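Here the protein sequences line up with chains A, L and B, keeping their order. With our numbering, the residue at position 251 of the first sequence is 251, and numbering never jumps. With our numbering, the residue at position 331 of the second sequence is 331, and numbering never jumps. With our numbering, the residue at position 458 of the third sequence is 458, and numbering never jumps.
Please note that the accuracy of each hint is not assured.
Unchecked claim - Mimicking DMTMM-like on lysine to aspartate or glutamate, the simulated pairs with C-alpha atoms at most 20 Å apart in a straight line are:
id, chain 1, residue 1, chain 2, residue 2
1, A, Lys133, A, Asp283
2, A, Lys234, B, Glu490
3, A, Lys229, B, Glu313
4, A, Lys143, A, Glu115
5, A, Lys229, B, Asp58
6, A, Lys187, A, Glu328
7, B, Lys64, B, Asp215
8, A, Lys263, A, Glu71
9, A, Lys93, A, Asp233
10, A, Lys321, B, Glu490
11, B, Lys64, A, Glu324
12, A, Lys135, A, Glu210
13, A, Lys187, B, Asp215
14, A, Lys234, A, Glu210
15, B, Lys64, A, Glu328
16, B, Lys173, L, Asp66
17, B, Lys173, L, Glu92
18, A, Lys152, A, Glu115
19, A, Lys276, A, Glu48
20, A, Lys276, A, Glu115
21, B, Lys173, L, Glu51
22, A, Lys321, A, Glu177
23, A, Lys93, A, Glu71
24, A, Lys321, B, Asp58
25, A, Lys187, A, Glu147
26, A, Lys187, B, Asp58
27, A, Lys311, A, Glu115
28, A, Lys143, A, Glu243
To be verified - Covered by chain A, according to a simulated footprint, are these stretches of chain B (three or more residues, beta-carbon under 8 Å):
id, stretch
29, 62–76
30, 387–397
The set of hints was computed from the structure by calculation and includes no laboratory data. Computed from a predicted model, the values in this text were never measured in an experiment. The C-beta atom is built at its ideal place from N, Cα and C for all residues, glycine as well.
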Amino acid sequence: MTKYLPLLAGAFAALGFIAPVVAQQDAITVYNAQHESLAQEWATAFTEETGIPVILRQGSDLEVANQILQEGANSPADVFLTENSPGMALVDKAGLFEPLPADLLAQVPAEFRPENGNWTGIAARSTVFAYNKDKLTEADLPKTMAELADPKWQGRWAASPSGADFQAIVAAYLALEGEEATLSWLKGMAANAVIVRGNRAALAATNNGEVDGALIYHYYWFGDQAGTKENSDKAALHYFGNEDPGAFVSISGGGVLASSQHKEEALAFLSFITGKGQDVLRDGTSFEYAVGVDHASNPALPPLADLGAPKIDPSQLDNAKAAELMTEAGLL
Amino acid sequence: MLQLSGLTKTYGDQPGVDRVDLAAPSGSRTVIVGPSGSGKTTLLRLIAGFETPDAGNITLDGRPLDTVPPHQRNIAYVAQEGALFPHMSVAENIGFAIPRQASNRESRIDTLLARVGLSAAMKSRRPHELSGGQQQRVALARALAQQPALMLLDEPFSALDTGLREAMRDMVEAVLREAGIASILVTHDQSEALAFADHLVVMRDARIADAGQPQRLYEQPIDIETAKFLGETIIFEAAIRGGVADTPLGPLAVDHSDTAKATILVRPEQVRIAENGTLARILHSSYRGAARRLELECQSAGHFSIDVPAATSLTQGDSVCLAVNGRGHVFRSR
Amino acid sequence: MAIGEVIEAQRPRTLRVPRGGSHSAIFLAAGITGLLSLLPLLFVLYVAVTSGWDTIADLVLRPKVAALLLNTAALLLLVLPLSATLAVACAWLIERTDLPLARLWSWLMVAPLALPAFVHSYAWSAFAPRFHGLGAAVLVSILAYLPFVYLPVAAQLRRLDPALEETAQSMGKAPLAVFFRIVLPQLRLAILGGGLLIGLHLLAEYGLFVLTRFDTFATVIVDQFQSVYNGPSANLLGGVLVLLCLGLLGLETGLRGDERYARVGTGAARQRRRVMLGRWKWPALALLTAFALLSLAVPILTLSRWLIAGGAEIWRLDFILPALGQTATLAFAGAALTTLAALPMAWLTVRAPSRMQKLLEAAHSYVGALPGVIIALALVTVTVNVALPLYQTIATLLFAYALMFLPRALVGLRTSIAQAPVELERAALSLGRKPVSAIWHTTVRLAAPGALASAALVGLGITTELTATLMLAPNGTRTLAMRFWSYTSELDFAAAAPYALLMIVLSIPLVVLLHAKADRADQA
Chain A
1 MTKYLPLLAG
11 AFAALGFIAP
21 VVAQQDAITV
31 YNAQHESLAQ
41 EWATAFTEET
51 GIPVILRQGS
61 DLEVANQILQ
71 EGANSPADVF
81 LTENSPGMAL
91 VDKAGLFEPL
101 PADLLAQVPA
111 EFRPENGNWT
121 GIAARSTVFA
131 YNKDKLTEAD
141 LPKTMAELAD
151 PKWQGRWAAS
161 PSGADFQAIV
171 AAYLALEGEE
181 ATLSWLKGMA
191 ANAVIVRGNR
201 AALAATNNGE
211 VDGALIYHYY
221 WFGDQAGTKE
231 NSDKAALHYF
241 GNEDPGAFVS
251 ISGGGVLASS
261 QHKEEALAFL
271 SFITGKGQDV
281 LRDGTSFEYA
291 VGVDHASNPA
301 LPPLADLGAP
311 KIDPSQLDNA
321 KAAELMTEAG
331 LL
Chain L
1 MLQLSGLTKT
11 YGDQPGVDRV
21 DLAAPSGSRT
31 VIVGPSGSGK
41 TTLLRLIAGF
51 ETPDAGNITL
61 DGRPLDTVPP
71 HQRNIAYVAQ
81 EGALFPHMSV
91 AENIGFAIPR
101 QASNRESRID
111 TLLARVGLSA
121 AMKSRRPHEL
131 SGGQQQRVAL
141 ARALAQQPAL
151 MLLDEPFSAL
161 DTGLREAMRD
171 MVEAVLREAG
181 IASILVTHDQ
191 SEALAFADHL
201 VVMRDARIAD
211 AGQPQRLYEQ
221 PIDIETAKFL
231 GETIIFEAAI
241 RGGVADTPLG
251 PLAVDHSDTA
261 KATILVRPEQ
271 VRIAENGTLA
281 RILHSSYRGA
291 ARRLELECQS
301 AGHFSIDVPA
311 ATSLTQGDSV
321 CLAVNGRGHV
331 FRSR
Chain B
1 MAIGEVIEAQ
11 RPRTLRVPRG
21 GSHSAIFLAA
31 GITGLLSLLP
41 LLFVLYVAVT
51 SGWDTIADLV
61 LRPKVAALLL
71 NTAALLLLVL
81 PLSATLAVAC
91 AWLIERTDLP
101 LARLWSWLMV
111 APLALPAFVH
121 SYAWSAFAPR
131 FHGLGAAVLV
141 SILAYLPFVY
151 LPVAAQLRRL
161 DPALEETAQS
171 MGKAPLAVFF
181 RIVLPQLRLA
191 ILGGGLLIGL
201 HLLAEYGLFV
211 LTRFDTFATV
221 IVDQFQSVYN
231 GPSANLLGGV
241 LVLLCLGLLG
251 LETGLRGDER
261 YARVGTGAAR
271 QRRRVMLGRW
281 KWPALALLTA
291 FALLSLAVPI
301 LTLSRWLIAG
311 GAEIWRLDFI
321 LPALGQTATL
331 AFAGAALTTL
341 AALPMAWLTV
351 RAPSRMQKLL
361 EAAHSYVGAL
371 PGVIIALALV
381 TVTVNVALPL
391 YQTIATLLFA
401 YALMFLPRAL
411 VGLRTSIAQA
421 PVELERAALS
431 LGRKPVSAIW
441 HTTVRLAAPG
451 ALASAALVGL
461 GITTELTATL
471 MLAPNGTRTL
481 AMRFWSYTSE
491 LDFAAAAPYA
501 LLMIVLSIPL
511 VVLLHAKADR
521 ADQA
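Excised from the complex, chain A in its bound form:
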């Protein structure tokens, strides 16, 4: 046995080195910060249609964005997908995106993509206040997101500040209300909020009555309702509306890296997502809003246009500042 041990080790190591190299020959590498299941559906459908294999690398928005920044021109990534805009904005600011052709951009209305056309929206999600129906009546609900920093909400609501989702909401607050107001709101939050990890955990805490409500994105509730209802049977959604920061609609983005060695395939993939791939959002269980021109969202969702979201250019969302303020408030 010992005689073969080094041989075995060598074989495995060789396998390890070769496997990704071989795989990368004709495949595109997608740095994915969207939900893995959604990206997987897109990738599978795309490969079926075009025969181009897709390798997914999973991470969170800003982790992957910063990773791309570090890798710079040597990044193995061809495509970058996020859940929220700040990650895209970060990579864009570093000038690492390939400008997108007009026909690709035209597949998504201008309101769901940045003006410079370096990346595009692929889906959208709305901020909501999920609440426990046994603990709050409609009259008790906060009218604005700012209200949640009020001492009367102490210990009564949950959020996941370590996630990119929430950081996008903070970035929107910052864009709408300015630095001072944001910091003071964050300090109120630090005093009031029950900190959890992940929107689903925040929803679960609401549903099991640990807190009265949670500041999350809408689709977690819909996804759970469509499944076991384990974490949402006692919960309902409250949309802030009125262009309140709490009605912020976050754009998930997709872009092609300028350093990509497979630009054509990468563009085809992005074009697929913003075109035909939008049907996955209508038919699947992601419950994120479709943003493609003439593409419907899941019928269970209230229309995106009726949500009263504040207007923000997604490329203006400054996550670095948001994270800095959150660190200062002790949330990170």
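Let chain A serve as the given structure and place chains L and B on it in line with the hints.
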């Protein structure tokens, strides 16, 4: 005074100790000797209280010990290799049984160290830094420190080198005698037993085979097994007439009345080479320094060995005449 | 630091080989491994030096870090004494009393090791969703890590010379006093070693504390990593974490001193008498039953519930099989690489001890005390900045595994090499073999079974490794642990269940190996 009566302990269907009666007077040095598995260690552990007897009872100075746990018996126990506490220094080991608040604690430790022949420099040493003999000395000092009513020693010298063993034995004997503490020592080494004991107990198959003064046991053992266990033997059968046995080695005075057939014990050291007497042939002669050992074949008494002065000129193949000193011992029972 | 080291307590006897140039090749190999082991430490130093005082002050001297220190201190101060007490109590009951079914209990005490810590917390967060925070973190940590201190304590209890306790008893000490003055002090090394192991795991663990919603340095570093990749904040918090780990190592070394609590003397320990529990039998059984229920029944029932609720749907073989394949490949390759990397050092330790060797060995051993998150941070930064071809490759991931599990391999190899007679090497040399060849064909051959066992321990460690794998895995890699974690963090407990089950099944050999090792230890 320690008294055991009808003491019995069984392990499964294996008898450990079977109906043992024993008395050890205050200040006495009792040695229990026997082959391994004879029950001697079990007996010691019963006395210490580490085991509970199935039947019988133990009294110490009139106090029944049946329900007394080991730590209230005031019986010291010195284990085979000393069982020094490895996490304590020599001084802490010796002082283990001396109350911390005792005002003379330090001086008592010093005295005890001196009594077992160790220098005060040893006090801060750890057990693993000591030699086997030193470890045993510390163990003894530690046991003495508790001023026990009785001291049990479980094969205390078995791990030591031969030379060291004798010196330690003499030291322990002297220390115990001075302190006036009764002791029971367990060993499988009969010469150690004979040298140490003023009261010797031979155990075999979980029972006491014979007990008494060492000299009596050596010279007049109760049975052949005991005789063989305590030393080398020459055994033969003979008729006794007028207090004299008619033996293959010639007429021999014995400690028994007349009978047609008796089993008689003679120790080889009673046999000497004489001018005339029974004829024997030297099968082998080996030089032993102080003496020369002759392996003899005597037609009627079989093979045995005797020691003669080393200067002898006798060699292999020579014939010699043998005579017997003293008396022969007749076994009462078989 | 590895569990095997703690169980064995006594280092194997070393046999010196006459010095000469003959093993310079081996020394070189061990030297290279030793230097590579220093990489994470150099990284942390580099970060500290290049960040400058202002950055450090901004990122380290802030309330959040104080809160994390407080959390860490609370965790250590609660989990360590409670685990030690519980482990000693259970070990004593199982090894020293007439408790019924002692053999079964001793297996049940070790069985929780088959569940990776994050599977324990997965079960608890599904079983009791509202149970979280310090209380949950402490409870689940104890349940998951108790075997680390139970195993060495039980082994040491069996090894203790019964004559010590009997002698102390005969000297007038009541049983309770004997326990505290004689038995407990001699369990000190076992308790310290096991405690250190638990402490290091508490500092390194990520998944367990995320699910119990308890912030530690490891969770916050990963948060930071996921917010800004290897930004200065993650790196500097990593520095603090390294200091904590080294502090824990130093504390243990200081408390241990250079004591040696081996048996003095050579005689075989006598079969000891077991304490009669009498009416205490029921409370004792209740204690052990409670531990078994909490540490085994809760996870198994929860997992079964999700497996049943999930039905056939959760067995997505198109995901599970590749994950299994990738996990197995990584485990095999990692175990082989780690074992080979540890081999020169293990040989030097046994055959050519010297001051230089001690230094090298320290470099090999300390790296095992570092959390996966630190090693991953270091390797990400180093590869992305100066060794780009190695960036995001299996090679880097395997290298991380080798660093993390080096001590585990070293312990097993050291023991088995020490058992191979040095005379064979000399005989081979005298027959004209070159030194390395002589060693390879004699000692290495004879040490192979032991080496395979320690390689298996490494492989099992890799199978359930999460943090470093998350941060370093090449594109497209999805191991069992990664898939499990991805589903669990979305609270999709049902979809995560098959992965948990597979990891448990794969970890059962770990339990068997460690239990057997502890059984052998008392005969050493």
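Verification of the hints:
| no. | hint | verdict |
| --- | --- | --- |
| 1 | Lys133/A - Asp283/A | 28 Å, violated |
| 2 | Lys234/A - Glu490/B | 19 Å, holds |
| 3 | Lys229/A - Glu313/B | 17 Å, holds |
| 4 | Lys143/A - Glu115/A | 32 Å, violated |
| 5 | Lys229/A - Asp58/B | 44 Å, violated |
| 6 | Lys187/A - Glu328/A | 9 Å, holds |
| 7 | Lys64/B - Asp215/B | 10 Å, holds |
| 8 | Lys263/A - Glu71/A | 17 Å, holds |
| 9 | Lys93/A - Asp233/A | 42 Å, violated |
| 10 | Lys321/A - Glu490/B | 27 Å, violated |
| 11 | Lys64/B - Glu324/A | 13 Å, holds |
| 12 | Lys135/A - Glu210/A | 10 Å, holds |
| 13 | Lys187/A - Asp215/B | 19 Å, holds |
| 14 | Lys234/A - Glu210/A | 12 Å, holds |
| 15 | Lys64/B - Glu328/A | 9 Å, holds |
| 16 | Lys173/B - Asp66/L | 18 Å, holds |
| 17 | Lys173/B - Glu92/L | 15 Å, holds |
| 18 | Lys152/A - Glu115/A | 41 Å, violated |
| 19 | Lys276/A - Glu48/A | 13 Å, holds |
| 20 | Lys276/A - Glu115/A | 23 Å, violated |
| 21 | Lys173/B - Glu51/L | 17 Å, holds |
| 22 | Lys321/A - Glu177/A | 13 Å, holds |
| 23 | Lys93/A - Glu71/A | 15 Å, holds |
| 24 | Lys321/A - Asp58/B | 15 Å, holds |
| 25 | Lys187/A - Glu147/A | 13 Å, holds |
| 26 | Lys187/A - Asp58/B | 18 Å, holds |
| 27 | Lys311/A - Glu115/A | 13 Å, holds |
| 28 | Lys143/A - Glu243/A | 12 Å, holds |
| 29 | 62–76 | holds (count 4) |
| 30 | 387–397 | holds (count 6) |
Hints 1, 4, 5, 9, 10, 18, 20, counting from the list given before, are not met by this structure.
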